[in-house]
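Taken in sequence, the protein lines are chains A and B.
Each residue of the first sequence is one higher than the last, beginning at 1 in this note's numbering.
Each residue of the second sequence is one higher than the last, beginning at 127 in this note's numbering.
Hints are computed from structural coordinates only; laboratory data are not their basis.
The structure displayed is predicted, hence computed values, not measured ones.
Any given hint could turn out to be false.
To be verified - Interface residues of chain B toward chain A, partial, derived using beta-carbon atoms under 10 Å:
no. : residue
1   : Leu165
2   : Thr172
3   : Gln174
4   : Asn177
5   : Ile179
6   : Asp184
7   : Leu188
As the list claims (entries may be wrong) - Cut-off 25 Å, straight-line C-alpha distance, at most; resulting in silico cross-link-like pairs (PhoX-like, lysine-lysine):
no. : chain 1 : residue 1 : chain 2 : residue 2
8   : A       : Lys36     : B       : Lys173
9   : A       : Lys47     : B       : Lys173
10  : A       : Lys71     : B       : Lys197
11  : B       : Lys162    : B       : Lys235
12  : B       : Lys197    : A       : Lys47
13  : A       : Lys71     : B       : Lys173
14  : B       : Lys162    : A       : Lys47
Even for Gly, the Cβ is constructed at its ideal location relative to N, Cα and C.
Spelled out from the first residue to the last, the chains are:
There are 2 protein chains.
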Amino acid sequence: MTSTSATQDSYPYQNEPIWSRSEKAIARTAFDVALKRELQEVIQETKQMANQINEPADLWDLEHYLTQRRKEIDRKYEYKYSQLTHVFGRLLHEQRLCEEELRGLREDKLTSIRSFAKFLSEDAAA
Amino acid sequence: MTSTSATQDSYPYQNEPIWSRSEKAIARTAFDVALKRELQEVIQETKQMANQINEPADLWDLEHYLTQRRKEIDRKYEYKYSQLTHVFGRLLHEQRLCEEELRGLREDKLTSIRSFAKFLSEDAAA
Numbered sequence: 001m002t003s004t005s006a007t008q009d010s011y012p013y014q015n016e017p018i019w020s021r022s023e024k025a026i027a028r029t030a031f032d033v034a035l036k037r038e039l040q041e042v043i044q045e046t047k048q049m050a051n052q053i054n055e056p057a058d059l060w061d062l063e064h065y066l067t068q069r070r071k072e073i074d075r076k077y078e079y080k081y082s083q084l085t086h087v088f089g090r091l092l093h094e095q096r097l098c099e100e101e102l103r104g105l106r107e108d109k110l111t112s113i114r115s116f117a118k119f120l121s122e123d124a125a126a
Numbered sequence: 127m128t129s130t131s132a133t134q135d136s137y138p139y140q141n142e143p144i145w146s147r148s149e150k151a152i153a154r155t156a157f158d159v160a161l162k163r164e165l166q167e168v169i170q171e172t173k174q175m176a177n178q179i180n181e182p183a184d185l186w187d188l189e190h191y192l193t194q195r196r197k198e199i200d201r202k203y204e205y206k207y208s209q210l211t212h213v214f215g216r217l218l219h220e221q222r223l224c225e226e227e228l229r230g231l232r233e234d235k236l237t238s239i240r241s242f243a244k245f246l247s248e249d250a251a252a
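Use the sequences and the hints to build the structure in full.
Have a look at this one:
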């Protein structure tokens, strides 16, 4: 093993931002709030779909909806500091969080978050 | 290929009962009635479960319930004449059909159906 690769192995995340203790607290709260909102939305939608079930096919539509939403939420809400700017960027883009709720994060992180949100919005519009 | 195996190939179901046209009509009606009842039961249970959802875990319980019921119903309702005495035996055992609804089937079929229902009841009690 060369010394270069050894260095890369030791510092695989050297370009990633460091999260201070107060930033971690802000991030955790914002993350939990967004997740709770999204789950609440699924609960409301499920109750509404169930109310409107008239025939068997509606049952399997509801099953499919729940499976899709569960998988999507599992993928979306990944609480890893290495992923959080992307997670928050997506939540901003989906309007599940507002910038106000991320106040207190360092400006470099907010810039990354906004930049990813903008990328997703442009991608969706394309 | 010997003549014996050729005979077996030609009459693979030679020991199975033949269903007359009127028996087929009775079977189809009974089958459809039981399936409709069972699906109606799932619809009612789904609406009730959805009404009682309070937290996210309840959502995934409902998803799981729907998946299980769909698979179970798919397995149970197999409309093949070679399987129908077992299908009806199970529906009798589960009290989803009563014997009255099978009236008009030949006695040998009713005997097979009752016999399988009895086997399942004894098996469940063991």
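Q. Hints broken by the structure, by number, lowest first?
A. Checked against the structure, no hint fails, so every one of them is satisfied.
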